[in-house]
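Visitor: Using the supplied hints, reconstruct the complex from the two chains, each of which is provided in its own coordinate frame.
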Amino acid sequence: MKADPRGVLTGTHFMDGDHACCEGALAAGSRFAAGYPITPSTEIVERFASRVPTVGGTFIQMEDELAASITLQGAVWGGAKAFTVTSGPGFSLMMEHIGYAAMTETPCVFVDVQRGGPSTGLPTLPAQADMMQARWGSHGDYEIIALCPNSPQECFDLTIKAFNLAEEFRVPVMFMMDEVVGHMTEKVVIPAADQIEVVPRRHTRKPVDEYLPYATNGDLVPEMAHAGEGYNFHVTGLTHDEHGYPNMTPQIQDKLVRRLQNKIRDAADRIALFEEEQLEGADVVVVSYGITSRVAQRAIEAARERGLRVGKLRLITAWPFPEKKIRELAANVKAFVVPELNLGQMVREVERAAAGQAKTFAVSHAGGGVHNPEDILKVIVEASRCQAA
Amino acid sequence: MPGSLINDLGNPVEPFLRSDRMPHIWCPGCGIGTTVNSFARALIESKIDLQSLALVSGIGCTGRVAGYVKLDSFHTTHGRAIPFATGLKLANPKLNVVVYSGDGDLSAIGGNHLIHAARRNIDLKVICVNNLIYAMTGGQTAPTTPDHSITSTNPYGVFEPSFNLPHLVEAAGAVYVARWTTFHVRQLSRSISEAFQKKGFSFIEVISPCPTLYQRRNKLGDGLDAMKYYKEKSKVRHGAPTNEVGLTMTGEIVVGKFVDRDRPDYQTMMRTQYTESLGERFVEQPEMVCDCS
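Here the protein sequences come in this chain order: A and B. For the first sequence, our numbering gives the first residue as 1, with consecutive numbering after it. For the second sequence, our numbering gives the first residue as 1, with consecutive numbering after it.
Pulled out of the complex, with its shape left as it was, chain B reads as follows (with noise of 0.2 Å):
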C-alpha cells in the first residue's frame, strides 16, 4: 500500500511539523507548504541547532506558519513580526530567530519595522511568502499586488504601483537578498542554509501562487499552471541589480542571490560602541538565565 511504504521511510522534514495540527488551513494549490517543505529541508541540510531556532509569524496566510512549526513560535499581531523578533534576539542573542510572514504583512502594515530591522542590520532571517495579494481575508490589493491585477478592492484594476520588495530592502541595509518561487525548491532551501551562514539581515522573497484569489480573479489558472508560468518565465540572474527586477502580472520574474554583502550586525555595533565609549563600566548583557519561581 502506499500509504504504509510512506511510513516506512519517513516523510523527512515531518519531525519539523506539529503533525498533531494537521491538516493545515491552507488551499490545494496555495505555495505557503511548499515553502515549508524548503525550510524544513534547509534546517536538515544546515544542521542547525533546533533548539536555538525560534519563528516568528505575523497575520495571514503565511502567518499561520508558526503554528505548523514544531519550534518556539510565536503568531504575533498584524505587521509586528519584526519588532517581536527583534527583542526575542536581543534578550537572547544565542537564538537563531526567523521571521516567516506575508508580504501584506511585512511590506504593508509591517513596512516600517522592515525597512528599520534592515537598516539597523538586526540578525533575523526573513523568510516573506509574496503572493501578490491579501488572501486570508479575501483577495485585497497588497502592496506588492502588480499593475492592472484585479482585486476585490481594486475591481476595475489595480492602478497604483507596486514595491519591488528586494531593492526596497537592498537600499534599506540588508545584507542578504535572494527571490526564488515555489517552483524553485532547492534553490531556496539552499538560499534558507545561506542565510543561517549569515550575521545580520537576511531578506529572502518567495512567490507563490494564490490561485484561490489572486489567479482565480485574473484567469491566471489553477496551482499548476502558476507552477508551468514560474518554469516558463523565471529567470536565474545571481547578483542582477535589484532595480531590475520588479514584478508584472505575468512577465519575466527575475530570480536568484541578489546581494551577499557583509557590514556589522545590530549587536555587534552595539558592543563596539558601549566598549568605546565606556570602557571598563560596559557591562555584557549576561545570557538570560531564568530565576525559577
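In isolation and in its complexed conformation, chain A is listed as follows (with noise of 0.2 Å):
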C-alpha cells in the first residue's frame, strides 16, 4: 500500500540524518515513538515528539530505557507501528526486550546511532561497535535484521525500508546509524506519499474461533491480532506453543526457536541489500558500511589510480549477513578489506564466510573518528600484493 500522505513531508530539504530517520519513520506510518535522550540519537525523538501532534500520533518519553524498549511493544499490540531511538548504553539496556520482540514476533524498529564504547564511551563520537550486539545482545537464539544507512537519504529512505522489514517477517529491524551519519546534514528528497511504498501489519482475517496466534500456513511468519477486537489471544516471552500459550518442551522450543531462524535466514537473499562496484575483475574487494563506506571510498580511488584492481561491496543489510554473496566473490579474488569502526566484528563474518577461499584484512579503529583514507589505502595495496589464497 501506499504512505499515508499526513506523515509525508515531499520535498527537497537540507537535513541531518537523525532529523532524516524521524521523517523515514513517519513516512513509513509509525506514529508512536517512546524513547530516552541519548546522544547523538536525541535528535531523532526531539524532532517526532515536535511532528506527531500534527499528524496523529503520540510520543512518550520515558523513565529509561528499558521502559521505552517495551513501551513500544505495547503500542504495537494495540494497533501501532511504533520504534525507539538510541545510542551504545541505551542500546544494552534494550536488550531483553529485542528478545521478547524476537519470542513475540512483535514488529518495531530500535534506532541505533553509535557511538564509541564501551561503558559511557564517547557520547558525542562516532563508533560502529555496536554490530555483533545488534545481532547477538539478548539471551538465546534468535535472528533480527539490521540496516546500516551512510547518508541522511538513506536515513530516510531505509527506515521506511525498516519499518517494511519488521511488517513483512514480525521481527524488530535494528537501523544500525552512527554518530557522523546522524549528524552530518545532506540534500535529502523526500517523495510523494503515493511514491512510497509501506507494508501493512499482517493482520489476520480469520473470524475469532479460527484464529491460532502462533499457527503459521507455510511461510513461516504468523499472523497477528490487535488488543481489543475480541480476539483473546495470549502474549508471552516464555516458549509457546500455536495458541499462544506457554509450553517448556524441548519438542515445542525446537519447533518455536527454529521457526524464528528460519524465517529470516531462509529469506536471507531476499533482504540482502548492498551496492557494489567493479566486482568483476577485482582482484581485491573492499567491504565496508555506514560512513567507512564513504571514507573507503577515497581510498579505492586511490588504489584504482594506482592501477589496482579493487572491487567495492557495500553492505546495506548487515544482518542476516549476505554470507552469498562473500562466498561467491571469495572464489575470485583475492583478498578482502574490511575496514570498519571497531576492533573487528563484521570482519569477522567475512573471514566466516570466505571460508579460506580468500584472505580477509582487518582496517580497525577503535571509534571517536572516522578513518584516514590513506590508512584504507595501505591495506589494500597489502592485500593485493598478497598470494591468492
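Check each hint, because a few of them may be wrong.
No more than 35 Å apart at the CA atoms, straight line, and that leaves these computed lysine-lysine pairs for DSBU-like [said to hold, decoys possible]:
#1 B:K94 / B:K199
#2 B:K199 / A:K206
#3 A:K255 / B:K70
#4 A:K206 / B:K94
#5 A:K263 / B:K94
#6 B:K70 / A:K206
#7 A:K324 / A:K187
#8 B:K219 / B:K199
#9 B:K231 / B:K94
#10 A:K2 / B:K94
#11 B:K228 / B:K94
#12 A:K206 / B:K47
#13 A:K263 / B:K70
#14 A:K263 / A:K325
Honestly, the hints are just simulated from the structure, not real lab data. As the structure is a prediction and not an experimental result, all values here were calculated from the model.
Guide: The structure is reproduced here in C-alpha cells:
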C-alpha cells in the first residue's frame, strides 16, 4: 500500500541523518515512539515529539530505555507502528526487549545511532562497535534484521525499509546509524506519498474461533491480531505453542526457535541489500558499511589510480549477513579488506563466509573519528600483493 | 453427584478463564487464584465490555495470571508490565488496561515504572498481589518482605526496611489506592469495580499468602492459618493516612480504600497541552484501525 500523505514531508530538504530518520518513520506510517534521551540519537525523537501531534500520534519520553523498549511493543499490540531510538548505553539496556520482540514476533524498529564504547565511552563521537551486539545482544537463539545507512538520504529511505521489513517478517529491525551519519547534513529528497510503498501489518482475517495466534501457513510468519478486537489472544515471552500458550517442552522449543531463525535465514537473499562497484575482475574487494563506506570510497579510488583492481561491496543489510555474496566473491578474488569503526566485528563474518577461499584484512579503528583513507589504502595495497589463498 | 451439581449451576467465573489451561501452577493455599476469582466477579459486577479489556502481567507467580484469563493478555518481561501497558493504552485509548502482577515484579525490578506511571497518571488499573516474597524463584527477600522475616537470601532475618506500597504510590500520584487481603474477597471485588470507574492510575494491593515459602520458613502455618490471621488482624480504615499502613510480620493489617481523588490523566493532559499550544495544527490520534494485509 502507499504511504499516508499526512506523514510525508514531500520536497527537497537540507537535513541531518537523525531528522531524516524521523521523517522516514513518519512516512512509513509510524505514529508512536517511546524514547529516552541519549546522544547522539536524541534529535530523532525531538523531531518526532514536535511533528507527531500535527499528524496524529503519540510520543512519550519514558523513565529509561528498559521502559521505552517495551512501551513501544505495547503500542504495537495496540495497533500502532512503533519505534524507539537510542545509542550504545541505552541499546545495552534494551537487549532484553529485543529478545522479547523476537520471541513474541512483535514488528518494531530499534534505531541505534552508534557512538564509541564500551560503557559511556564517547557520547558525541562515532563508532560502529554495536554491530555484533545488534545481532547477538539478547540471550538465546534468535534472528533480527539490521540495516546500515551511509547518508541522510538513506536514513530516510532505509527507515521506511526497516519498518517494512519489520512488518513483513514480524521481527525487530535494528537501524544501525552512527554519529557521523546522524549529525551529517545533506540534501534529502522526500518523494510524494504515492511514490512510497509501505507494508501493512500481517493482520489476520480469520474469525475469532479459527484464529491461532502463532500458527503459520507455510511462509513461517504468523498472522497478528490487536488487543480490543475480540480475539482474546495470549502473548508470552515463554516458549509457546501455536495458541500462544506456554509450553516448555524441548519439542515445542525446537519448533519455535527454529522457525524464528528460519523465517529470516530462509529469506536472507531477499532481505540482502548491498551496493557493488567493479567487482568483476577485482583482486581485492573492500567490504564496508555506514560512514566508513564513504571514507573507504576515497581509498578505493586512490588504489584504482595506482592501477590496482579494487571492487567495492557496501553492506546495506548487515544482518542477516549476506554470506552467499561473500562466498561467491571469495572464489574469484585474492582478498577482502574490511575497514570498520571497531576492533573487528563484521570482518569476522567476512572471514567466516570466505572460508579460506580468499584472505581477509581488517582495518580497525577504535572509534572517536573516522579512518584516514590513507590507512585503508595501505591495507588495500598490502592485500593486492598477497598470494591468492 | 456434587460434580454434576456444579456443572448444572455453572461456575460464574468460568467464562473469564482459559479452562483449557487448567490446572494452574499455583500451590495449595496460595492466594493468587482467590484474587483472580474476585477480579472475575468485579468484571461481572461492573458489566465491563470484555472485548475492550486487556490484561498485562510481568514475571513471577502472579505474572502467570495473564495466561489464565480469557482476555487479550500479555505476559511480558520481569518488571515491565506497566510500561508495556502504557504503550498499549496510549496506542488504543479505548482499551481498559489492567496490570496484574506481584510485589517483587512491580515494586523492585519494576519500581521505577510504578512511580512514573503514577506520576504521569496513566489510566491503568494495577492489581498488585503482595505475598511478601519472591515466590517463583524460591522465597528470596522482596522489597515488601517484613522486618525480621526469614527468607532464602536473608537466612538470619531480613534487616532492610520494606516498602509501604500504598504510601509509595499515593506520594507518586495515584488517584485510587486500596488494600485488601485474600480474606476480603467481596471488598476486593468492589474496589476493582470502583477502579474501573476511575480515570487514571489506580493501585490495589492484595495481601496474599505464600504457604510454600514465606509462611513455612517463618512458621506462620498454612493457607488457612493465613486466613485466620487476616481475619483477626485486619482493620478496615477507609481513608487511613497511608504513612500509617506499613506492614509487619504478625501485626495489624490496615485495609480499606485509602485514596480516591481526581486529577487529569496523561492523555487528557496531553490533549489539553497540544490543543493549547498547537491550536488547529493539533491532529487527534486517529483510532488505530488496522490496514489489514
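Visitor: For each hint, tell me whether it holds in the structure or not.
Guide: These are the hints, each one checked on the structure:
1. B:K94 / B:K199: 12 Å, holds
2. B:K199 / A:K206: Status holds; Cα separation ~34 Å.
3. A:K255 / B:K70: 25 Å, holds
4. A:K206 / B:K94: Holds, at roughly 23 Å.
5. A:K263 / B:K94: 34 Å, holds
6. B:K70 / A:K206: 18 Å, holds
7. A:K324 / A:K187: 34 Å, holds
8. B:K219 / B:K199: 42 Å, violated
9. B:K231 / B:K94: Not satisfied, since the Cα-Cα distance of roughly 39 Å exceeds 35 Å.
10. A:K2 / B:K94: 27 Å, holds
11. B:K228 / B:K94: Violated: B:K228 and B:K94 sit about 41 Å apart, past 35 Å.
12. A:K206 / B:K47: 27 Å, holds
13. A:K263 / B:K70: The given pair, whose Cα atoms are some 29 Å apart, holds under the 35 Å limit.
14. A:K263 / A:K325: Holds, at about 19 Å.
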